[in-house]
Amino acid sequence: MRWHILKTLLLKELHRHLANRGGIALALLLIVAALLLSIFGKDKATGAGGLSGELQVCFLDYEEENSWIAYLRDNLPSGMEHVRFRRLDQAPQNDGKVVYPPGAGAIQVRKLDSDGYKVWMWHPDVGGSSLAPYEAWFWRETQRFFADQASTALTRIRPLLRGSVLLPKIEEQRSQLEGGMDPRSALATSLVLFALFFVCVYLLPSLTCEERERGILMAQALSPASPGEILIAKFLFYPAMGLVLAGILAGIYSPVVLTRPVFWLALLASALGSLGVGLTIASLARTQRAASMGSMCYMMAVALLVFICQQNNIPVLPYLALEFHCPRMLHAALANQWAWYHWGSLLGVTLLAIFWLGLASVLFRRRGWQ
Amino acid sequence: MGITRGIIVIEPLQPIVCYGFQVPPTLPAGHSVPILTLAITTTMEPAQILELDGLVVRYGAFVAVDGLDLSLRQGELFGLLGPNGAGKSSTLRVLIGQLPPSEGHVRVAGQDIVRDWAKIKPFFGYVPDRENHFDEFTGRRNLEIFAGLYRVPDQRIDECLEAVELEDAAHLPVRAYSLGMRRKLLLARALLHRPKILYLDEPSANLDIHSAALVRRLLRELVKEGVTVLLTTHNMQEVEEVCDRVAILCKGRLVALDSPINLRQQHAERRVDVVLADGARHVFDLDADEERAVLARYVGAGSVTSLQSREFNFHEAFLKLTGTEFT
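Residue numbers (the numbering used here), protein chains in the order written: chain R, -18 to 351; chain F, -11 to 315.
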């Protein structure tokens, strides 16, 4: 390994990227996104299992004001400031249908023709999970109200029944499961991962294949630089660039993250893994266009595969993808929720990185410089 | 008068071998001792710098080069010609290490091209037929990269730019260069490390007359400095002007190997196209006595309105050797 050759090749890569305005623009865009996230992003967790969109406002629309509605109004817990009580006839309507603004949900309490009420839930998302907290509060307080009503009525009929437990006392406690994603750390994880994958899985094969297509790779191969030195320069440059950009984005999210060794371990392992994927694509693709398409297809295909496997509880397959382990690992490091099982993810990423790098080396030598 | 003893002053131009001469023992009366000045030209055989020994190149079942034997001397300008598909590119690909020989051996300065490839690499420079620069960099930056790889000083970059007359455009990005300028930059890059052998693939392609002449002049200067140049070209004029020797390939085989002049003379046909007064056209072979006599009669009778000699030039010798008859 000759230092002057490595230095020349590394400088060459640096100058190529400085001359690539598109890449610089995208890097700046990512940094701006991280800055916006750090200023405006919400920390409020939405619970384990995934991101749910929060409602901006929940309307409780009723046809008539009564003690039930008054009870609900008086028993709004803290954190439910977004609930708005109003009469149905005061709600904006269009062709007889109530119109709700985007990001709103609603609970309508209507009177039935016969005795009784119809409770109609309106939620903006498919599963209704965004309305879930409000729904839970509504039914809990409704149950309490009517239980009190029943108890009072029974006591009037039979004073002896005073104090009888018609319904057991239920104490409620709420806790958040570990591993839950708050929107801010989830977005930060996405930005960091995107930076790594963009540099190593997209830029590297694209620019390497451009060199191959133009014959520049061959010209370098005819110079005193050995194939190993040319590859090593790429091995060093692209992960370093990915690490720097990812580090900047993570640092904007939370500067203290940069002092955590597990964060750098997780980032390094992810960078090496994505480098291996990128070099494999570079070895297989013959043209720059094929490399770009290959990178995009890889990222989309693997992301879809992991998603489908998770949704359908398909075992084993997700563990074979970097895109399964890296987000878990990086999020845990960013959100300071590193647990013992994340070491397993780190090991998985390391093994996958070794696999991809080995495959890339074999393919690169076999396919040659043209 | 016989040769006498004398004093020989030898003025060497190149590595020398002295010619000895014998003199009779007696000096005729009246003759003084002659002083003979001899200018001795090199008679030592230059080193064989490139040897192709039974080179065979196959792409599957297709044989692109079939048993090619060639030796290039140091300081020789060698042309490799042939129609499309003759095997020139395949030969060049072997020489620049892109393709291993299917059979045979290639030695560069005595070193095997397969076994000793790493040692051979700094020995040669290569100018491809297609330009391969970093378009986003300036001409100078492109050369700086390769100067860094070859570890040559920056001063050499200036020398090479000056040699190809690109010093004024060195600060411009290569994407602003014309095709001819890009080709000249390729040549400058190939010369950075002062190679002993230079391979050029169509060196004059896309060059204007001035630039093509510049390149040819540069090649001749390099050859004088002892660099061996092997070029492939379709430009017959270039071959005749610059090449010391030419190899003509056809369907992977060597069909001719000699200087352009010798090849022309070997394949020349002395014929004359004549148009008579009555419009009849005839061809007379000047080497045939009868036909010469007939031609002389026509000329003497004033019946000839047009007479044109048909000496083969190198282009026609090439066509004849590669199977396309000239009519």
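Calculated from the structure, these hints are not laboratory results.
Hints should not be assumed to be uniformly reliable.
What the hints assert, rightly or not - 16 angstroms max Cα-Cα, derived EDC-like pairs, lysine to aspartate or glutamate: (1) F:Lys239 / F:Asp54; (2) F:Lys109 / R:Glu44; (3) R:Lys99 / R:Glu45; (4) R:Lys92 / R:Asp129; (5) R:Lys(-12) / F:Glu132; (6) R:Lys78 / R:Glu116.
**Q.** Unmet hints by their number, sorted upward, for this structure
**A.** Violated: hints 2, 4 and 6.
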